[in-house]
Amino acid sequence: MSSFSLKYRRVGTFMIDMAIVQMFAMIAKDIFLGVIGYITNGTGVTLSLNDTMALPVLLLLIIGIMALFIGVFMGYHWLCYRLLGTSLSRALLSVKVVSSDDELLTKQRYLKREFDKIYLCIATLGLYPLYAGVQYLTFTNPPWHDKKNHTNVVER
10 MSSFSLKYRR
20 VGTFMIDMAI
30 VQMFAMIAKD
40 IFLGVIGYIT
50 NGTGVTLSLN
60 DTMALPVLLL
70 LIIGIMALFI
80 GVFMGYHWLC
90 YRLLGTSLSR
100 ALLSVKVVSS
110 DDELLTKQRY
120 LKREFDKIYL
130 CIATLGLYPL
140 YAGVQYLTFT
150 NPPWHDKKNH
160 TNVVER
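In the working numbering, the protein residues as written are 10 to 165.
Rather than coming from a laboratory, the hints here were simulated on the basis of the structure.
One or more hints might be untrue.
List time: in silico SDA-like cross-link candidates among lysine to any residue, alpha-carbon distance up to 25 Å [said to hold, decoys possible]: (1) LYS16 / LEU101; (2) LYS38 / THR49; (3) LYS105 / PRO151; (4) LYS38 / ILE71.
Whole structure, please, built from the sequences with the hints as guidance.
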């Protein structure tokens, strides 16, 4: 198989993982917002857009939801690593991730790589996967989270 199709499978595995995590994160987000709504319901606390506390509360909610998404993403990859040794999408599409010295990734390096990937995605509001994908597909530059953790993708 050519490296060109491997590039698209690699980008595809990330998109499949994000879709799976998004399903679980939506459930967790609804529970999170439901708990916040339940706590504030009986207290008589109201929040209007003209209130001085509106912006800090909205910022706190957004940061809480982003932290929740990162937690769900890392939990998903931890569970996949424990059960499959790789993510579900990589197992389905037969994409193997190895370290630069041709050995399979250790659990710590694998989870560090996935954490780097998700915090870069969220920190840049989703522009990182687009930028990394374009750089990889156009110029074969490995993404920053791969260069930093000395990993690469090979065919199985």
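Here's how the hints hold up against the structure:
no.: 1; hint: LYS16 / LEU101; verdict: holds (15 Å)
no.: 2; hint: LYS38 / THR49; verdict: holds (16 Å)
no.: 3; hint: LYS105 / PRO151; verdict: holds (15 Å)
no.: 4; hint: LYS38 / ILE71; verdict: holds (10 Å)
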